[in-house]
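A.B. asks: Sequence:
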Amino acid sequence: MHNQPTDQASLVTLPIVGFYRAQQCAALLGVSKSTFWLWAQQKIVQGIPVPQPIKLSPGVTVWKRSDVHAFCEQLASLGDTTTPPEAA
2 MHNQPTDQAS
12 LVTLPIVGFY
22 RAQQCAALLG
32 VSKSTFWLWA
42 QQKIVQGIPV
52 PQPIKLSPGV
62 TVWKRSDVHA
72 FCEQLASLGD
82 TTTPPEAA
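In my numbering, the protein residues as written are 2 to 89.
Hints are not guaranteed to be accurate.
Unchecked claim - The list that follows gives simulated cross-link-like pairs (lysine to any residue, SDA-like), each with its CA atoms no further than 25 Å apart:
| hint | residue 1 | residue 2 |
| --- | --- | --- |
| 1 | K44 | A27 |
| 2 | K56 | G80 |
| 3 | K65 | P50 |
| 4 | K34 | V63 |
| 5 | K44 | I55 |
| 6 | K56 | L39 |
| 7 | K56 | Q43 |
Honestly, the hints are just simulated from the structure, not real lab data.
Using the sequences and the hints, build the whole thing.
C.D. replies: What follows is the structure, encoded as structure tokens:
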């Protein structure tokens, strides 16, 4: 028999070191890229600070993976991540 993971946490392991682009951040959060950029501009969503972008060049902006993961966890602890920022 194959060794199967015994808990959900071992099913998905995302690297914490490195960077995400906006599309990847949006996918993790379950929102559109446009919504993620709006959140990044507003700098706060439902009382939670949005991770700071890092501009690598005129066309390349990234976010630290560790910051994005922490943001996802904080939003998840509140509930639905798709609530528009205006409703917060």
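A.B. asks: For each hint, tell me whether it holds in the structure or not.
C.D. replies: Status of each hint after checking the structure:
no.	hint	result
1	K44 / A27	holds, 15 Å
2	K56 / G80	violated, 30 Å
3	K65 / P50	holds, 14 Å
4	K34 / V63	holds, 13 Å
5	K44 / I55	holds, 13 Å
6	K56 / L39	holds, 16 Å
7	K56 / Q43	holds, 17 Å
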